[in-house]
Each structure stands twice: as structure tokens, then as C-alpha cells.
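Peer 1: Start from chain D and add chain U according to the hints.
Chains as they are written, first to last, in numbering that gives the first Met the number 0: chain D, 0 to 394; chain U, 0 to 291.
One should not assume that every hint holds.
Below 25 Å or equal to it, Euclidean Cα-Cα: the simulated DSS-like pairs (lysine-lysine) are [as the list claims (entries may be wrong)]:
| id | chain 1 | residue 1 | chain 2 | residue 2 |
| --- | --- | --- | --- | --- |
| 1 | D | 60 | D | 251 |
| 2 | D | 231 | D | 45 |
| 3 | D | 251 | U | 171 |
| 4 | D | 60 | D | 231 |
| 5 | D | 60 | U | 40 |
| 6 | D | 251 | D | 231 |
No lab work stands behind these hints: they were computed from the structure.
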Amino acid sequence: MLLRLAWATLSRHRTRTLLAILGVAVSAAMLLDMVMLSTGMRASFKELLSIRGFQLRIAPKGTMPFDTDATIPDVSDVVRTLRAMPDVGTISPVLGGQLHVQVGERAVTAATIGADPTVQGDYEIVEGRLPGAPNDVVASEDFLTATGLRIGDTLSAAAGYDAQLRSFAGRRTLTMVGRAHFLYMAAGQLIVSVPLSTLQEMQGSRSLDRASLIMIRARDGASVDAVLEQIKAALPRVSAVSIETAMLQVDKRLSYFRQLAFILGAVSLAVGFLLVTTLVTVSVNERLGEIVVMRAIGVARQRIVLQIVLEGVAIMVAGALSGLALGLVTARYLDSILSSFPGLPAAMHFFVFEARDAWMALGLLTVAGILAGVYPSWRGASLPIAVTLREEAVA
Amino acid sequence: MIIALLVAALIPTISQTIDSTPPRRSPRTLAIDERLAADAKILIGDRLVLSSTPGGVGDTVFVSAFVRRRADPSEVARAEYRVRMHLDQLQTLIGYGDRVDRFAVGTPTPGAADSAIRLINAAAFGFQGFRSRDIAVQTSRTFAVVTRFHRAIGVITIVASAIFLLCIMLLKVDERRRDVAALRLLGISSRSIVRGVMVEAALMASIGSGAGVVLGWVAAQIINWHYRGVYRTPLAFALVTPGIVALAVSLSLVLGLIAGFLAAQRLVRTPPLELLTGRREPRVPFEPAPTA
Chain D
0 MLLRLAWATL SRHRTRTLLA ILGVAVSAAM LLDMVMLSTG MRASFKELLS
50 IRGFQLRIAP KGTMPFDTDA TIPDVSDVVR TLRAMPDVGT ISPVLGGQLH
100 VQVGERAVTA ATIGADPTVQ GDYEIVEGRL PGAPNDVVAS EDFLTATGLR
150 IGDTLSAAAG YDAQLRSFAG RRTLTMVGRA HFLYMAAGQL IVSVPLSTLQ
200 EMQGSRSLDR ASLIMIRARD GASVDAVLEQ IKAALPRVSA VSIETAMLQV
250 DKRLSYFRQL AFILGAVSLA VGFLLVTTLV TVSVNERLGE IVVMRAIGVA
300 RQRIVLQIVL EGVAIMVAGA LSGLALGLVT ARYLDSILSS FPGLPAAMHF
350 FVFEARDAWM ALGLLTVAGI LAGVYPSWRG ASLPIAVTLR EEAVA
Chain U
0 MIIALLVAAL IPTISQTIDS TPPRRSPRTL AIDERLAADA KILIGDRLVL
50 SSTPGGVGDT VFVSAFVRRR ADPSEVARAE YRVRMHLDQL QTLIGYGDRV
100 DRFAVGTPTP GAADSAIRLI NAAAFGFQGF RSRDIAVQTS RTFAVVTRFH
150 RAIGVITIVA SAIFLLCIML LKVDERRRDV AALRLLGISS RSIVRGVMVE
200 AALMASIGSG AGVVLGWVAA QIINWHYRGV YRTPLAFALV TPGIVALAVS
250 LSLVLGLIAG FLAAQRLVRT PPLELLTGRR EPRVPFEPAP TA
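Next comes chain D alone, as it looks inside the complex (with noise of 0.2 Å):
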């Protein structure tokens, strides 16, 4: 019967309650894309650094992995000390640079990861086999397009390349052996892969026993933290992460977007929650007869409470509902948009779905209809049923 009343109400001016429950629908989708931004992005962030099963990275101290230029000295003794530790599984050193690659009359470069194939994190072959030989190397599907290679062939490759010399330290012929999906790397960009000591070599003294990056994964069942604090003790010259202080690096990093989410996400609640709460006072104010009118013939005061929160959810779920879906469609759009940033991992995602999200701005929406339904509520509660009827009466 309630439910019938507050349909009937809403029905009785269509183009306005059409016109709110849009207007609820829009700021639904504002909610649930700033929802979906405040949490997306550390989840993504957090799948992306787990893929591999790596738990704790060492970096040049005072920097992040990949941050900057600075290698990692003395790789061999540093391995060393990490393989004595019993907690310690799989061991990755990596070292980051630049290939030349002669194309013809062309030079391509590309990114260059140096790992150990057998152990590496950085890339999954989706073509082909892993680097055996120390001349193999593996690329990414764009390089290969750039270049026109295939697996199978040969190409000449320099590294090491001195500006003011205008010469490289190394060059070779590799191998193309396999393609590969790159996991940390942007899209379209050009990269190859091949074994450590072979970039160590081709890039000359600066490189040699050095690493960007050493990639640590601990046995099964040793506890992480105290793989991390061993390390850190053992070796005072490096940087040691795990997972969870590479995130709050990138908490720091990212807290803009959290917090432009959180503002955004609650201006369009606020905004929701303002359309709304005008909607059904003046709905109620058009109608102060007919209310006084069901108290006077008997009507509880909370029977109409009620009947003018409902009219207020009802309007709110309506617009979520249709809002939820918008809000999927612009969350597209926007993630397109910031994963463009230059040099952002091509598997690193701003808004990402999970079903909380919807549930948590479904469940937001629905507060804020009930407490829209409050104020025009209380006033057709508490109106004077004489004073109201006479007024009415004489309007």
C-alpha cells in the first residue's frame, strides 16, 4: 500500500521524477567511477607486483625499483649473501637498459631487460622458447612489428652508447628466440630481453656485476617481514621492498587521485542528495492537503514518514540503478584516458571493477535517499491538521 502511495506520487509529475532519477543516475556513476578510482588503482597496482609470485625487491638505496639510473654494485657478493639466507627461494638480479638495433638503413632502439631466463619475473613467452644461449634474445610483439624480425632470425645489436664518443661498447648478433609479453612495461613499448650477463658484458665497464634490480621470492611458509628485515641487515648498502612498502610508495604517489576521488565522490552525493531532498519538498509542500487529510481520517503520523522516505529512496535506487551501468561506461572511458600516462604499465588499471564498489555507492545512494526523505518528511508529520485544512480550504 506504501509502496503503491509513494508510486503513485511520483508518477503524478513523470518529466520531474524522470528529470531526478537522470539527475541521480549521472551522480550514481560520478560515485560509483571515484569509488571504483579510490580503490582500483592500488589493487591493480598490488596484482601487478604479485604476477610473478616475487614478494620483495632490492633497489640502489634510496631509490625505487626503476626509479632512476643508479645500479646496484658487487651483484655477484650480494646474491651471495642472499642465497646463505635459509628463507630465501628464487633469487632474480635484472638489469635495465638500451639495445640498437640495425634495421637496414635504420637504427631501432629498444628497452632492454638483462635477467636470468630460468628465474626471471619480467616476461611470460607467448611464442617461441626462452633465451638458452647467451646470444638469445626474446621481444616484445611491438619490437617485432617495428622491425619486421621474426623468431628464428638474426640481428646485429649495440649497446653501450657514448654520446660524446658517438660509439657503443658492445655489439653482437643475437638471436630472436621467442616472443614475449612484457608485464611492467607500457603498451606499444619497444623491448627485448636477454640474458644478464650478456647485457652486462655489452654495455661495458659502467654495467659489469651491476643490477637496476635484484627480484627476491622467499620459500614457502617463510615469513616475508623477516626474509625483509634479514635482508636489510645483511646488506646496509641496498634498498629492500616488499609489496606492501612498494605500495605505500605508491599511495604517496597516487594520493592525488584518492583524494580528488573522495572529493568528487562526495560532491556528487551531496548533489544527489540535494536534487532529491528538493524533489520531494516540494512534492510534499504541493500536497500539504492531502496529507493533512489522511492524518485527519486517521493515517499514523510514521505511515506518512514513511510513505515520504520511500518516494525519496525510491527515486535514489531508481537513479543507482540506472547510474551503475553509465558509471561502467564512463569508468571505461576515464581508464583509457589515464592509461596513457607515459611509461605506465600497459596492465595497470585506475578504475577497476569489483562488485564492493557497486554495492558501497548502491548502499551510499540509498543513506542519502533515506536522509532526503527526513526533512519534507518531518514537515508533513508535523503540520496543524485544523490550521492546514482551513488554509487549504480558503486556497
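Peer 2: For chain U alone, coordinates are given in the frame of chain D:
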């Protein structure tokens, strides 16, 4: 390379010790980031030991100045510390030899930059000249993405505002349907009523946008205060410029007028009696009176 420089040991001392060895070259000075000074509690005149590797052999320097960061957007999210050293001092410290990463070259007039670049590139061996503006475009690609994101959010906000405004105008007009019905029964033309509603809408939009400008300005001050504190930078994060005010006010006026026009059209198309009673009157087809 400069970024990779590690400030390995920062050792503030109260006084210098007396040394019996023959006098050596007095320690050099350096300027440090005021954020580093605040975090490490370093004062002017403090002695520091700098080294290029953690725990490596260091060079003793005295802090002679604090440097405030420039408003550079490309550095805003990076919580790095910076130190400013003499060129030869840094080259020696990091074993860089007689090399630099880049030169900044000034030209007498902005127009001379192109010819200077041509001359440099023609004579250069191992380096290349770029216009500062081109480098700025490259380094600000991140902010181009953020700007596109803000624009997209702006469009969504405008859509929501338009719907909100239309809704409010409909409500305002609906509230006055009896007055309008009376006016129409008195013979006031529909055009005058539409005009009146639109003037009212324009007034509402003007007052609303005026309040919005004030609110926006206050919000911008709060945002700048907050983010300048968070990122410790003099950068302005939100700016209320005359152009932005003009765009916001004109947009809200246009939206208000459109909303007022649509609401007024709805009002004048409804028969006055329906407006008065609030009930839809049955449409009886006109039948001519029977002739005798």
C-alpha cells in the same frame, strides 16, 4: 646522474676539530633543499659528508644556503631531496671527469634560438640542441593526461548540472502554475510569460553562478593550501582565472536560459484551466451548434 647521487651521510656537527696536519683546502659549500633541511634538521653552517655510494669515501662540505623548489609540475609527486653543488665538486665526487649532462644556453632574443640551435647542431659532436619549449612539452606529457582527465570529469559535471538546473526550473515553474494560469486568463500573452520565466531563470543562473564563483575561489584556496602542504611545493593546483570564470558564468547562463525556456514552453502549452485545477480537462471535440 645527479638524481642518482646519494647523500650517504649527513652529519651535522657543532664545531670543527683542531687539526695538527698541514692546512688543507677549506671545505666547499653547498645549498640544500629546504625540505631536506627540515627533515634532517640541518642548519646553515652545518658540516656534511657526501659520498656517491652508501658508506663510500666522502667529501666534507658546509651548508651555505637553503634552496626552495621551483613550481615544477614534473617533480611534484617525487619526494626526492636535492642538493646544489659546484660543478667541479660533483664531477670529482662521482668520478664523472670533465663531463656534463646538459648545457643551458641563453640567446639575446627569443628569435635567435632557432639559429643558435642550427649552429650548435652543425658544430656539435656527440650532442644536440633543443628548444626549452620542446623539452617542456616532452616533460609535461603526464600533465596533458591529467588535463584530459579533468576535462572529462568537467563534462560529466556539466551534464549533471544541466539536469539539476532543468529539474529546479521545472519545480519553480510548477510552483507558479496558478499565477501563470491567472495571468493567461487575464489576457497576458504566452510570449510575455515565456519571457518572464526566462528572465527569472537568467537571474537564478546569475546569482547561482556568482555564488559558485565565490565557492570555487574558496575551494581553490583550500585545495592549494592542502596540496602545497602535502607535496611541499609552491605549485598552484587550482586556479580561478578570468577565462574560467567567464566560461562557467556563460555556461550556467546558457543552461539556465535553456532550462527556463523548456519549462516555460511546458507551462504555456497547458490550458489555463488545467493549470488552475491541476487536473487534465477532457478534450471535447468541437461541434457546431445545431441550426434551427
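Peer 1: Can you confirm whether the C-alpha distance between residue 251/D and residue 231/D stays at or below 25 Å?
Peer 2: Since the Cα atoms of residue 251/D and residue 231/D sit roughly 22 Å apart, the hinted pair holds (cutoff 25 Å).
Peer 1: Keeping to a limit of 25 Å between CA atoms, is the pair of residue 60/D and residue 40/U held or broken?
Peer 2: Holds. Residue 60/D to residue 40/U sits at ~21 Å (cutoff 25 Å).
Peer 1: Going straight from one Cα to the other, do residue 60/D and residue 251/D come out at no more than 25 Å?
Peer 2: This hinted pair holds, its Cα atoms lying about 19 Å apart.
Peer 1: Quickly compare the C-alpha distance for residue 231/D and residue 45/D to 25 Å and report which way the hint goes.
Peer 2: Between residue 231/D and residue 45/D the Cα gap is close to 22 Å, so the pair holds against 25 Å.
Peer 1: Please work out if residue 251/D and residue 171/U have their alpha carbons no farther apart than 25 Å.
Peer 2: Distance ~46 Å between residue 251/D and residue 171/U Cα, so the pair is violated.
Peer 1: Check whether the Cα positions of residue 60/D and residue 231/D lie no farther apart than 25 Å.
Peer 2: Status holds; Cα separation ~11 Å.
Figure legend: structure checked against the earlier numbered hints; the only hint not met is number 3.
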